[in-house]
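Trainee: The listed protein sequences derive, respectively, from chains B and D. The first sequence stops at residue 468 when you use numbering that gives the first Met the number 0, and every number in between is there. The second sequence stops at residue 468 when you use numbering that gives the first Met the number 0, and every number in between is there.
Treat the hints as calculated values from the structure; they're not laboratory data. Quick reminder that beta carbons are idealized off the backbone N, C-alpha and C, glycines included. Check each hint, because a few of them may be wrong.
As the list claims (entries may be wrong) - Label-pair ranges, simulated between beta-carbon atoms:
1) B:THR315 / D:GLU374: 23 to 31 Å
2) D:LEU172 / B:ALA99: 41 to 49 Å
3) B:ASP411 / D:GLY245: 29 to 37 Å
4) B:LYS309 / D:ILE401: 50 to 58 Å
5) D:ALA383 / B:LYS365: 26 to 34 Å
Said to hold, decoys possible - Take a look, some chain D residues computed to stay more than 10 Å from chain B by CB distance:
6) ASN61
7) THR91
8) HIS325
Protein chains: 2
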Amino acid sequence: MSKLPNKKTQFSEWYLEVINQAELVDQAPVRGCMVVRPYGNDIWEMIKGVLDKKIKDTGHRNALFPLLIPESFLKKEAAHIEGFAPELAVVTHAGGKLLAEPLVVRPTSETIIHYMFARWIKSWRDLPLKINQWASVVRWEMRPRPFLRTTEFFWQEGHTAHASREEAEQEVLLMLSHYKDLAENYLAIPVITGQKSEGEKFPGAEKTYTFEAFMPDAKALQMGTSHLLSQSFAHAFEMTYQDVQGKLQYPWLTSWGSTTRLVGAVVMVHGDDKGLIIPPRIAPVQVVIVPIYKTDEEKTAVLFQAQSIKDRLANTVRITIDTDEHKTPGNKFYHWELRGIPLRIEIGPRDLSNKQAVCADRLGTKETVLLSDLETVIPQKLDALHHALYARAEVVLNTQWIQKDTLQEIIDATESAIIQTGFCGSKECETVLKEYKLSIRCLLEQKKHSVCFKCTLPNTCDAVIARSY
Amino acid sequence: MSKLPNKKTQFSEWYLEVINQAELVDQAPVRGCMVVRPYGNDIWEMIKGVLDKKIKDTGHRNALFPLLIPESFLKKEAAHIEGFAPELAVVTHAGGKLLAEPLVVRPTSETIIHYMFARWIKSWRDLPLKINQWASVVRWEMRPRPFLRTTEFFWQEGHTAHASREEAEQEVLLMLSHYKDLAENYLAIPVITGQKSEGEKFPGAEKTYTFEAFMPDAKALQMGTSHLLSQSFAHAFEMTYQDVQGKLQYPWLTSWGSTTRLVGAVVMVHGDDKGLIIPPRIAPVQVVIVPIYKTDEEKTAVLFQAQSIKDRLANTVRITIDTDEHKTPGNKFYHWELRGIPLRIEIGPRDLSNKQAVCADRLGTKETVLLSDLETVIPQKLDALHHALYARAEVVLNTQWIQKDTLQEIIDATESAIIQTGFCGSKECETVLKEYKLSIRCLLEQKKHSVCFKCTLPNTCDAVIARSY
């Protein structure tokens, strides 16, 4: 293990090195793919647990659909195939033979799920139909980066069908609000939500909503999206049902997804030069006890007390003791700091006689706590750390987020800032941004600007412009 | 919904129809693949939950490996590629280009996981390494059957590396014992465990252990396997580590897996002419309350009591109320019986005045229970039902399982029986069975026979012979 690069001055190197040293991920021997190692997966399982509960509590049910999709399915919706064609991985041979029709490894599952929806939805009684799938998808990636852009990534994809446009739009906004809650109240990452512009929306959707976070390098990270697909896929897959009056209708569709990218966001937003900082509510281990002793006698007494603390707290927090005999306490501090464990309890012989322990949080605050107070103090400290991390991230966001009026001002500022500006809504003015590796991250409801940053026609809605991952 | 075929006389039709009507699964538009519908997935999630806990409690950690594997990886272990070559799905094109090297969709992950193990295992301190993955795999299937044989199926695959052969063998047998516990104490399915013969073991393994259940049609179902891979994969992937003395060593490897096939086993073993019977410990819904009323006044009183019963029991059992206004109580009984819900509570106006309810279990026993006794009685009834299902399945197994001495006797009996016989251990005598669509399901430690069923040379160990799925 070597020292980590400086997060501020070598952000990109720091990111790759911290996820490697903390054993979150490793490079796979297939271009652009990652191996999610146990600690990375533990964090992903925590995030999945929170999100899966939200998905189920809002009346959706998980199902499993095939990972191979007939190529012709993708071609049924014109915008959809145009968007995904360059990224597809194609199975041409199987069972020792050339296939009559190639199969694509799913880049997303709208087409195969809508094919099934068309079989299942016959009557208004079958609506709403609210399905979710946890799976991996493959999109051939030219500039891979672990968690942020990988050829295969892990995600959930929700797919629903409704009797009315209003109900579908409510669903899209409801799931967007749950995503925002996940980001802010579990990952401790402030996000902005809004609609995507025409140039950035999902291929085949009428509207795409996004929740976007901003990284310390002022690049935007799309954390997930929620799409109002409306009826184009329903037409493409001949999905019709009889309404209450017996008339044939097309349902209104939505889809929404979020991915292992969220783990990358947690790393980038919260980590520091010592390593990761995992927000307490999704930390697989929230508290580590490091016993400190020299003699055998001290060891017996300290380990006994460490075990007793663990037993007392195990129902309330996710806690472990580091009993490794081959490491000094200093080595252990280093090991757990690198992995971003929110709280450390140090306990040695002197603490025992004083009936206390030292609690150190991952942001560097140390405090001596009476052993009898631990049940009360530890959950409080975890909660405080969540809020401290959120507040710190919010300060960064507020500092980065500035107002600009013209294209030149925007170009000059985006190395270190996220820009809010006026936008006429035209594709022409949006396309210009590509030359500067910029994009509209989302549209805002508030209007602080009167004219478009490019054409100076009247502003239709403010836009947030930034570089992005 | 039409009446189900008779389970006894039309077993195969019954199976396909019951999984369809109970909405466990649907046929996918890709040959041999299935769509696992929400209820099928709910059952799979229950099974996953039990097994995931066992896997974690025994010190394994979940990780995620790519679903695409370079074709050359599979060729590194000679027996492995020979076994899997005919079943592979191959990606030849991606990102709009012909790939320099084709990628296979994983049929199992030994090769890619061992490639990563070789990077991670450097010293004896890195051992044992105990990893598990929940994923889907693809094996091109010529005779697909939902849950039992599908081109894509869902599973867990454990992969471990150890410093000694003894430790690896212990691991293989430990996980086999957990599989047996899952089958018997959760799925209520008696299984036999034992080693696979040379002709049936995993391609690349030194030894394969299996747990096998026997279906009502006397066909064997391999429920899962646990392999001692020994060192051949370690050699193939140049996986070496320094032992305590500093000498280079190859680790000893294992792998073990079980699949969505378990859902198929539950259906076949327990179901009846009314539909599924889901064993209580894995039933997503264990108890359904059916309110019975005619007048609005009765409705209010009955629904109030139904809700109160649900609230009282919700912490102990998985319970729901069927409040569907469009169905009669009779329709509801039918609906939930088809889905195999273990217990039904019926409550009507007369029950209310008597402070009681009717409890009907899925095997047909009805009993009137005082409302005040429900907290005690319901968990007892669920437990009793588990044991009743197990006992019933055990009777079937014991009836099917018979002793035979010669090939001709075996052929004559296997339409309706599972055969225990003597076996010399040779590949020649095993291969003969293929002509009759029979196979050795596993080898037993006990010896009831003195000579081989075929060559009449001395018996080396008894073999269980049957038709199989």
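Trainee: Among the hints numbered above, which are violated by the structure, and what are their numbers in rising order?
Mentor: 3, 5, 6, 7, 8
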